[in-house]
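Protein chains in written order, with the working numbering: chain A, 13 to 281; chain B, 13 to 281; chain C, 13 to 281.
Do not rely on the hints blindly, as some may be mistaken.
One copy or two, it doesn't matter: identical chains are merged, so the pair holds either way.
When the alpha-carbon atoms are kept at most 30 Å apart in a straight line, the in silico BS3-like pairs for lysine-lysine are as follows [stated by the list, open to error]:
{"hint": "1", "residue 1": "Lys185", "residue 2": "Lys20"}
{"hint": "2", "residue 1": "Lys155", "residue 2": "Lys241"}
{"hint": "3", "residue 1": "Lys18", "residue 2": "Lys56"}
{"hint": "4", "residue 1": "Lys20", "residue 2": "Lys187"}
{"hint": "5", "residue 1": "Lys182", "residue 2": "Lys17"}
{"hint": "6", "residue 1": "Lys155", "residue 2": "Lys239"}
{"hint": "7", "residue 1": "Lys182", "residue 2": "Lys232"}
{"hint": "8", "residue 1": "Lys248", "residue 2": "Lys182"}
{"hint": "9", "residue 1": "Lys17", "residue 2": "Lys56"}
{"hint": "10", "residue 1": "Lys23", "residue 2": "Lys222"}
{"hint": "11", "residue 1": "Lys182", "residue 2": "Lys257"}
{"hint": "12", "residue 1": "Lys276", "residue 2": "Lys241"}
{"hint": "13", "residue 1": "Lys182", "residue 2": "Lys241"}
{"hint": "14", "residue 1": "Lys155", "residue 2": "Lys248"}
{"hint": "15", "residue 1": "Lys248", "residue 2": "Lys20"}
Note that these hints are calculated values from the structure, not bench results.
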Amino acid sequence: MMGCKKGKNVKIGTGVIIGENVVLEDNVCIDSYAIIRNNVTIKKGTYVGVNCILGEYQMDYYQGKKMEAHPLVIGENSIIRSGTIIYGDCEFGDHFETGHRATIRENTKVGSHVSIGTLADIQGYCIIGSYTRLHSNVHIGQKSEIGDFVWIFPYVVLTNDPTPPSNEMKGVKLKPFSVIATGSIILPGIVVEEDTLVAAGAIVTKNVGKNTVVAGNPAKVICDISKIKNSATGEKVYPWRDTFKRGMPWEESDYETWYKEMEKQILSE
Amino acid sequence: MMGCKKGKNVKIGTGVIIGENVVLEDNVCIDSYAIIRNNVTIKKGTYVGVNCILGEYQMDYYQGKKMEAHPLVIGENSIIRSGTIIYGDCEFGDHFETGHRATIRENTKVGSHVSIGTLADIQGYCIIGSYTRLHSNVHIGQKSEIGDFVWIFPYVVLTNDPTPPSNEMKGVKLKPFSVIATGSIILPGIVVEEDTLVAAGAIVTKNVGKNTVVAGNPAKVICDISKIKNSATGEKVYPWRDTFKRGMPWEESDYETWYKEMEKQILSE
Amino acid sequence: MMGCKKGKNVKIGTGVIIGENVVLEDNVCIDSYAIIRNNVTIKKGTYVGVNCILGEYQMDYYQGKKMEAHPLVIGENSIIRSGTIIYGDCEFGDHFETGHRATIRENTKVGSHVSIGTLADIQGYCIIGSYTRLHSNVHIGQKSEIGDFVWIFPYVVLTNDPTPPSNEMKGVKLKPFSVIATGSIILPGIVVEEDTLVAAGAIVTKNVGKNTVVAGNPAKVICDISKIKNSATGEKVYPWRDTFKRGMPWEESDYETWYKEMEKQILSE
């Protein structure tokens, strides 16, 4: 453990291997058989599960080249569940959470309060905003741009190659408050605007305009999102920020109140 | 290994970590680097593969709270293949089998002779009957109820949130002898009745009545299941319990004979 | 490490377990906690990642039977990324590459310069040609035959049971230069001919003829592949061997030149 800078009350399990230039801040816990490679910083209060690999090797290592530093920073109070693999050249905000055996490749920048589910596969070179939730087995192609407050459900794929195989890469853009339901596939370069719902199993070949619901293969516009009601209560569901609070920054009040508070803060700065 | 109660002829591999209040019955084999956390009971003759984690931590652990006991019971003569993760508060009958790196979360109750494939992801709070087969990469949402003798093929998803994201959860119900083919998605609250076939890639938005075949996006009724013939022999295939025996309790005779035998036994009790 | 025959400059990490009758040729590197079971040959220059299991147990082991030898051969200069599981009775050519946690079961024969992505699940009893690329999370059913220069994108499934559950198995055949885009499902026994494109999300229920593009659920012929243009340049894209070189044997010249060179070599032999 040469070159490892440890804070107070750091716990390290059986068989953990730690590389050089590693920072483990106060109250970090690294569970058994995890591998922390070089140049990894784990901020205070974060838990790293069994068999995780942080700062995993990239192509330069396998090619036997002189390895460059590929720094990885994991924010405070995060939970990296067992079996997760994260490459270097990545940065995660506070309160980050993964399911089991997520894979996150190089050049991924992630905001705070984000969760990435079990077996999710982030191919790198992408941006993910804050308070965004990726469920199990989501596949995010390179060059994707995902905003704040986006929901992506299991087996969704964001693609990037318009004429496979090619050297062109056109990432998908998901704007804030968009909801991509289970098993839908978003074709390369598509933009999904705010307050949208891509229904389960949709194959999205055209941009999705604000406030719309699309479904089918190929996906077609079904209705305005305001038309969707809760089947039990008959009440409007969307925009979901008005009806859903769990884990959101407006959990203690409501979106409107929180948003006005934010505006005030920004103006006063 | 304090608090581990071991039977005869128990084999424990290199680097295995065993928690408290663990019971390993006769002829259990725990392969290398497996982690058995607290309150796990593994019944006789069961094999646990390399890198498995049994009784994996739940939210109370990560939140630093006093952990409650989350007991896990794995039945006799089971095969838990390498890399599988199973949470506590779960119970599995005898002759249970997993593929590699299956994930099974809390509050899952499973009958006997069940197999759950490689990379399958069971989200917990669900019931799975006996002699049911989940193939690779199946995703079972919370609140699902899956009967006996159900077949679920790769990349099937049982969803549960009718208006994502919400706090409503409406589980899918799959009745006995239903067959859900590759890549189909079953929408929240849907009931799939007995002797049905959901074709590959179907997006199922309505209940599926007895003896029907559905296909498409959205799924539509295609025909009565009795219409489907074996392409080589021209013979009827369904209900499959009349034409398929491998691994079933009627393997040595036929379904009819076995069923009558069962009835007699039940009446005589 | 009895019965392990090691070449020069072999590196073995912490906690690696090596079985009997294992050959590690020159410059092989086995990273920490990998398990190499019996009868595995790893050719020179190959890297095996953390937590890999090579020569993983088959049913005869779990059944407590006398194990037969199940040899596994991995070609030269290969990269087996962390968490990959490969069974015995398999053979891989040189320059083989896997993503993380790929699973490859028994009786899989693979050519040279093949890559199999993260979480891909090869069910065994199948053939994969040279220079073929399987992306993340591809599922290849038993009895599949995949030619040289085939591209398979994430979440594609090759099925094999025409009337599930049955004992019939009809593998899919993918001919050279076919391209199977994200999330498509190919039904049992289907033949996809050369120079074809199966579009994202297609459910393929009929054979796909040479030079065609199919899409939809169920898939229908959309157009001749020559009709597809690069959206930016307006140039023809397919057959892709004329427009794409990265990692291909014609990387230094072009397909035509390479092909003529090959013909000459074959004739002169």
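Cross-check of the supplied hints:
1. Lys185 with Lys20: Classified as neither: same-chain Cα gap 41 Å, cross-chain 50 Å, threshold 30 Å.
2. Lys155 with Lys241: For Lys155 and Lys241, the Cα distance is within 30 Å only across copies (22 Å; inside one copy 34 Å).
3. Lys18 with Lys56: Cα proximity of Lys18 and Lys56: one copy only (10 Å, versus 39 Å across).
4. Lys20 with Lys187: Neither. Shortest intra-copy (40 Å) and inter-copy (54 Å) distances fail the 30 Å Cα cut-off.
5. Lys182 with Lys17: For Lys182 and Lys17, neither the intra-copy (40 Å) nor the inter-copy (48 Å) Cα distance is at most 30 Å.
6. Lys155 with Lys239: between (33 Å within a copy, 27 Å between copies)
7. Lys182 with Lys232: This pair counts as both: shortest intra-copy Cα distance 22 Å, inter-copy 26 Å.
8. Lys248 with Lys182: Intra 35 Å, inter 18 Å, cutoff 30 Å: inter-copy only.
9. Lys17 with Lys56: The answer is within: 12 Å in one copy meets 30 Å, while 37 Å across copies does not.
10. Lys23 with Lys222: neither (48 Å within a copy, 56 Å between copies)
11. Lys182 with Lys257: For Lys182 and Lys257, the Cα distance is within 30 Å only across copies (19 Å; inside one copy 33 Å).
12. Lys276 with Lys241: neither (33 Å within a copy, 50 Å between copies)
13. Lys182 with Lys241: between (35 Å within a copy, 15 Å between copies)
14. Lys155 with Lys248: Between. Shortest inter-copy distance 24 Å satisfies the 30 Å Cα cut-off; intra-copy 34 Å does not.
15. Lys248 with Lys20: The answer is neither: 49 Å in one copy and 61 Å across copies each exceed 30 Å.
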